[in-house]
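Peer 1: Just need the whole structure built from these sequences, with the hints factored in.
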Amino acid sequence: AQKVTQAQTEISVVEKEDVTLDCVYETRDTTYYLFWYKQPPSGELVFLIRRNSFDEQNEISGRYSWNFQKSTSSFNFTITASQVVDSAVYFCALSGYSTLTFGKGTMLLVSP
Amino acid sequence: EAQVTQNPRYLITVTGKKLTVTCSQNMNHEYMSWYRQDPGLGLRQIYYSMNVEVTDKGDVPEGYKVSRKEKRNFPLILESPSPNQTSLYFCASSLVVPLNTEAFFGQGTRLTVV
Numbered sequence: 001a002q003k004v005t006q007a008q009t010e011i012s013v014v015e016k017e018d019v020t021l022d023c024v025y026e027t028r029d030t031t032y033y034l035f036w037y038k039q040p041p042s043g044e045l046v047f048l049i050r051r052n053s054f055d056e057q058n059e060i061s062g063r064y065s066w067n068f069q070k071s072t073s074s075f076n077f078t079i080t081a082s083q084v085v086d087s088a089v090y091f092c093a094l095s096g097y098s099t100l101t102f103g104k105g106t107m108l109l110v111s112p
Numbered sequence: 001e002a003q004v005t006q007n008p009r010y011l012i013t014v015t016g017k018k019l020t021v022t023c024s025q026n027m028n029h030e031y032m033s034w035y036r037q038d039p040g041l042g043l044r045q046i047y048y049s050m051n052v053e054v055t056d057k058g059d060v061p062e063g064y065k066v067s068r069k070e071k072r073n074f075p076l077i078l079e080s081p082s083p084n085q086t087s088l089y090f091c092a093s094s095l096v097v098p099l100n101t102e103a104f105f106g107q108g109t110r111l112t113v114v
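Taken in sequence, the protein lines are chains A and B.
When you line the first sequence up against this note's numbering, it's residues 1 to 112, in that order.
When you line the second sequence up against this note's numbering, it's residues 1 to 114, in that order.
One or more hints might be untrue.
To be verified - Pair ranges (Cβ atoms, derived):
#1 11(B) with 9(A): 23 to 33 Å
#2 52(B) with 64(A): 36 to 46 Å
#3 9(B) with 70(A): 38 to 48 Å
#4 14(A) with 80(B): 43 to 53 Å
#5 58(A) with 101(B): 18 to 28 Å
Simulated from the structure, these hints should not be mistaken for laboratory data.
Just so you know, even glycine gets a beta-carbon here, dropped at the ideal spot from N, CA and C.
Peer 2: Set out below in structure tokens:
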């Protein structure tokens, strides 16, 4: 069975601080995909990134970066110089062949 | 515009009154699924469908039914809703199975059962 653990339930930071959201996963599959989604206060789910199990290169997109470490089964997400608009719930997810398993989410509160 | 459309967005109903939440996608995706989101529990999968006429249970299927008679539609049916089904529901679609591309989500349906 697949499992995704986001141990941080809620994180509060002040604007311009860097923040890292942790994601640890469990799977027996050798091929799998990891995702991050953002859920702003308006409620929709916004796709942020996809990473396959064979690609351990870190990725950077503007203020966002992702660190995938297969050895520790982790796929952490860092926001640099956080902004109020980053306030949201962030979900890490793991795909198997036919199911997508989500973590419980981390609520990020960025105050001015 | 590529999208997943759910209706209604908000629904308040009474215990035992059958209801259907519709979901439609215009991207010709093979895979569709339903999730419910509850505080502290994240998103949990209710049912999924890998193709027309093929559906299977997710993690929390009790009290729900689905059908996939056409590729674009995947309605969620609550035959006899109960208060513990009060939740935020999301429909999602993905291009193919295995799930190696991102899922597209509908806007969500907030259901309250009283």
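Peer 1: Next, verify each hint and record whether it holds.
Peer 2: A quick look at each hint next to the structure:
1. 11(B) with 9(A): 23 to 33 Å: Cβ of residue 11(B) to Cβ of residue 9(A): about 28 Å, so the range 23 to 33 Å holds.
2. 52(B) with 64(A): 36 to 46 Å: Given range 36 to 46 Å: holds, Cβ gap about 37 Å.
3. 9(B) with 70(A): 38 to 48 Å: For residue 9(B) and residue 70(A) the Cβ distance comes to about 40 Å; the hint holds.
4. 14(A) with 80(B): 43 to 53 Å: holds (49 Å)
5. 58(A) with 101(B): 18 to 28 Å: Holds - the Cβ-Cβ distance for residue 58(A) and residue 101(B), about 21 Å, lies within 18 to 28 Å.
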